[in-house]
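Student: Dock chain B with the ligands against the given chain A, drawing on the hints supplied.
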Amino acid sequence: MTNKQTSLFRRKLHERTIKYFFFACAATSIVVLFFIAIFLFHEGVGVFRVVEITDFLSGRRWAPARVQPILGILPMLLGSLFVTVGAMIVAVPLGLSAAVYIAEIAPPKIKNPIKSAIELLAGIPSVVYGFIGLVFLVPWLQETFNLPTGFTALTGSLLLGVMAVPIIASISEDAIYAVPRDFREASYALGATKWQTITRAVLPASISGISAAIILGGMSRVIGETMTVLMVTGNAPIIPDSICSFLRPVRTMTASVALEMGEAAKGGIHYSALFAIGLVLFTITFLLNLIADFILHRYKEAQKR
Amino acid sequence: MSATMLTVKELNFYYSKTQVLRDVNIEIPGNEVTAIIGPSGCGKSSFLKALNRLYEIIPGARVTGEIIYNGGNLLSRDVDVVGLRKEIGMVFQRPNPFPKSIYANVAYGPRLHGVKRKELDRIVEESLRKAGLWDEVKDKLNKSGLDLSGGEQQRLCIARCLAVEPKIILMDEPCSALDPIATAKIEDLIYNLKQDYTVIIVTHNMQQAARVSDKTAVFLTGGKMVEYGETVKIFENPENKIVEDYITGKFG
Ligand SMILES: Nc1ncnc2c1ncn2[C@@H]1O[C@H](COP(=O)(O)OP(=O)(O)OP(=O)(O)O)[C@@H](O)[C@H]1O
Ligand SMILES: [Mg+2]
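So the sequences go chain by chain: A and B. Residue numbering for the first sequence follows the working numbering, starting at 28 and increasing by one per position. Residue numbering for the second sequence follows the working numbering, starting at 5 and increasing by one per position.
None of these hints come from the bench; they were simulated from the model. There's no promise every hint is true.
As the list claims (entries may be wrong) - To spell it out: a stretch of chain B is covered by chain A in this simulated footprint if at least three of its residues, at any positions, have a beta carbon under 8 Å from a beta carbon of chain A; those stretches are:
1) 134-146
2) 161-167
What the hints assert, rightly or not - Not the full set, but computed from the structure, chain B residues with beta-carbon under 7 Å of chain A:
3) V86
4) M94
5) F102
6) G118
7) K120
8) L124
9) P184
Claimed, not checked - Non-contacting residues of chain A with respect to chain B, defined by C-beta distances greater than 12 Å in every case (computed):
10) K31
11) T33
12) A64
13) V78
Built from N, CA and C at the ideal position, the CB exists for glycine as well.
Chain A with its partners taken away, still in its complex shape (with noise of 0.2 Å):
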């Protein structure tokens, strides 16, 4: 071979490895999740020999532990609901008016600052949000709305919001600073306010973008989220039924498959019925994944044309 042949061999040969290499890792990533998924439902599927699926999710009870044991998670289904829609009604306005001010409205000095401060705020252990949760927030609702006890839906659901403000504001406020200058000036140049441009014209043209932001920043961290969950909320397995559900104590899912793994015998019946709950939080997470997704995908579309 010519001298100049050795190096484009080479050069070939140098642009392969790092394709394969990239490809390496995104590949271990999707072999890893099948595993976990296929893991999942190896350890979780026994428990369908014992329990229909659709009691399972419906039950009313759960007394794993019995020797006739009764497996129903609703009452974990139901609270990791109410823990998370009360968390979005927290989060989601403020995540939002943070993306918005940040993106359209602060001066370029202070703007800096402040999403320093805010991805700060997503770095905080969960543990110390559990703490100060513990130490302030479940005394002072206690206090406040004259409770037999602070350990309650309400907690988390404040706790949980605070903590998913951060990523919410930060991918809406990517979706909002897609949105192209054209449409600023369109609307500015029709007289509009910068109010009105901001609700008007920027807002729905990233809303796409800012549900994406809201499903995952926001819901499946929050619903998969497990420590500050388990320190303030109590963890009773009561359904929640009603709005007064938020000022009593409630179990989520995750709480559940924390506090048990423990006590569960390996490859027994409560042990299985631990993984279907996980399985359930994979489902439901990969579900909601899926919806972004689409949504994404057709705001890109819609960003082509």
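Tutor: Frame of chain A; chain B with the ligands shown alone:
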């Protein structure tokens, strides 16, 4: 000879420290088409942005001088910018319909200004008619404005601008992203618009300026306006040697 619509006096324009317009003086007549031509970067777009104060949304941009409109200086602090931009509309270089329906695009302005629902249908139809787009879109008003072709999008933007009933329409190279047929349609449209509106159009296309405008202002690099007058005169017998060179394509 039509009455003067805008009188620009000693207009200077800055982006932070950089000055892009220098002592521009110009009287723009009503119900005529005034073309602004000049090499890239000489400040034509900036000039338009001064007229509707759209420069205010650009951080660091500022102007000095006066622009007399309706007997007052529209650059003065106490002018209501919302009201001003209603009267001085703008069409941009790149068609920029909102990602909304055709109807919602045209209705955007009137809705901002509190026009009643009952009125909207009429305004939308009228504006689309004036923009020569009604027949093409009347059956698909609920389709997205982004589904239209480039030329149709630009006419939609013109309709959107007309819907707020402006007196002056600023156009910044409205045809530069369009093919010759779409361009011809817009030029016809501009010709018709001058019955009811005053049009100020920036263009890079000399033939276009010659075809559509009554008056032409030539800006040159450095942000100075070097010659202004009847289009015919500018193109056939410019006073300034540089202008002649520019128009005949010797530079620019
Ligand atoms: N937002 C901005 N910030 C800083 N400088 C700017 C900004 N916009 C334009 N400029 C500069 O101001 C000068 C005039 O710009 P302007 O867009 O008004 O020129 P133009 O005549 O419209 O050019 P073109 O024919 O290319 O559209 C240019 O040198 C440009 O680089
Ligand atoms: Mg320009």
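Student: Each hint should be assessed against the structure and marked as holding or not.
Tutor: Evaluation of the provided hints:
no., hint, in the structure
1, 134-146, "violated (count 0)"
2, 161-167, "holds (count 3)"
3, V86, "holds (5 Å)"
4, M94, "holds (4 Å)"
5, F102, "holds (6 Å)"
6, G118, "violated (11 Å)"
7, K120, "violated (17 Å)"
8, L124, "violated (14 Å)"
9, P184, "violated (23 Å)"
10, K31, "holds (43 Å)"
11, T33, "holds (47 Å)"
12, A64, "holds (37 Å)"
13, V78, "holds (49 Å)"
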